[in-house]
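This is what each chain is made of:
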Amino acid sequence: MGMTVVEKILARAAGRASVKAGDVLEPKVDLAMSHENAALVINQFEAIHEGTGIEAKPWAPDRIAIIFDHRVPAESPKTATNQKKIRTFVEKHGISKFHDIRGDVGGICHQILPEYGYVRPGYVVVGTDSHTTSHGALGAFSFGMGATEMASVWTLGYAVNIEVPATIKVVVSGEFADMVGPKDLILHLIGVLTAQGANFRVLEFHGETIRKMTTSGRLAICNMSVEAGATSGIVPADGETMRYLREEAGVTDAITPVTPDNDAVYERVVEIDVSALGPQIACPHTVDNVKNIAEVAGKRVQQIVIGSCTNGRLDDLAVAAGILRGRKVAEGTRMLVFPASGKIFGQAMDKGYIQDFMKAGAVVMNSGCGPCLGVHEGALGDDEVALSTTNRNFKGRMGNPKSEVYLCSPAVAAASAITGVITDPRKA
Amino acid sequence: MTKVIIKLEADISTDDIYPGRYMATVLPTETPQYCFANRTDLNEKLRGGQFPKGSAIVADHNFGCGSSREQAASALKGFELNIVARSMSRIFLQNAINLGLNVVLCPTIEAEEGDELDIQVDKVINITTGKTFDTVRLPEARQAIIDAGGLIPYTRKRLLETVR
Ligand code: SF4
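The listed protein sequences derive, respectively, from chains C and X. To convert, note that position 203 of the first sequence is 203 in this note's numbering; the numbers rise steadily by one, no gaps. To convert, note that position 139 of the second sequence is 139 in this note's numbering; the numbers rise steadily by one, no gaps.
For the record, the hints were derived by calculation from the structure and aren't laboratory data. Worth double-checking, as some hints may not be accurate.
[Said to hold, decoys possible] Just some of the chain C residues that point at chain X, by a computed CB distance under 10 Å:
(1) Ala47
(2) Ile54
(3) Thr79
(4) Glu149
(5) Gly298
(6) Phe394
Here a beta-carbon is modelled for each residue, glycine too, at the ideal position from N, C-alpha and C.
Isolated chain C, as found in the complex (with noise of 0.2 Å):
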């Protein structure tokens, strides 16, 4: 029977012939990945270890990943201990992956991982965050896990008892509509399958607009996978997955991409043709509730957020930076402009979209999740409204539990700066 693409990533990782759907296995890790909350990984790995008169010693240092991305430059005392403490960590047993709060190689972790060729086709990669799925757009299988199964992954080198995910396959045909995107594309997938629609399922993706759609958007659409529960979402590796890694990542030695059989089993097939495709906004609170934006447009908007390891990459800055040139953020709202990496932040000062943005009027702020997640920068008032190119709006993601999220493409985020209302980027 032929297999799916992390069905052949587990078969391998496991040491198997073959494996299918709801097999339980112990694949070998290839890379793990934490941000912050490894502190609290760093606790369990000590308390498994209490008591054995074993050293706590990760299983192989140079295959863990730390990034600070989620509270940097740390917005409390707690929060920097927290820093040096995985600091003295990382120190002691030699991890070279690591990413400190920095401006030229400093960023967020999903940016970083395949910024830096962490992230090969065929890997399997965990991390200690939801959004672990974006690793998928370089053909890995990789999703997220919580800090005690990532200690137990630190103690022993491979995941225990993983449930082989079901895998549906999405088919994209069609070519996006100007300023449409891979972003309007997630939203809509998202919209039809719901928020618990692939939970414990793969999405697989394929179709020419996915082999047209650079590593930049996959990375978007893998990213999201998550909230529709996906376990993960995978691009199989092509011509573009190595040009990615060659050019961009700098990789040099070997890779081998990954496809899945002829024959594979899937679960389902979801074909979407994105030609007639507009712009999509995910409306509070749940992401699955996706509006087409005529829908929602003139809502107004205090603050416009661009950034998040979702769209706060140089395409998406160069979408947004094209759309300010020149003009104005609108009076009564304020946008901030969270590149995703130093990295990235560099390459769009070269561009001149950084110059763009501050022009306009927008803040941008050191790369990192900044506002993503609600802890620093950027809080929300009560009743506000941010319309945002990052992830999640559920109630309080962005601190106040009072104020509204609205996600969208970077080309919807700018267009709205520039009216202070949700508008349309093609009547912009």
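Given chain C, work out where chain X with the ligand should sit, using these hints.
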């Protein structure tokens, strides 16, 4: 026998259960105070402690969706609650099992606050209404972790087996 002390709607996210601004707090002894911190009535009810151990939260579908933050499970665990939901997100379910929080998947459960439940292995009986609802058995692969009392003792055992 267990009493339903809180009834919740569908799509309760881990942002609801444990808001992001408290994520720097990680110790299981400290996380419970911030449980449902954005919903003052729920937070006060839990912290007030006027309910017996093993009381139940009953929730609709997709409980625990969103972030992988383990504090959501550890905060609920701190109150020694039973979580009975129509369905749960994968990561939350795993975190709950890993930390030894008692979770029950019951796709058709109907119960109101104040109802008495009898939670059994394969069914939940709502004693107040007299109705019985089938449960979905947790993934078999996870049973070994439950039996070991959580993932920390389970992995410790596996670690000791590897070096032996
Ligand atoms: S940008 Fe937002 S969604 Fe992405 S990793 Fe950071 S907090 Fe999570």
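Right, here's what the structure says about each hint:
| no. | hint | verdict |
| --- | --- | --- |
| 1 | Ala47 | holds (5 Å) |
| 2 | Ile54 | holds (6 Å) |
| 3 | Thr79 | holds (5 Å) |
| 4 | Glu149 | holds (6 Å) |
| 5 | Gly298 | violated (27 Å) |
| 6 | Phe394 | holds (4 Å) |
The structure is inconsistent with hint 5 alone, although it conforms to all the rest.
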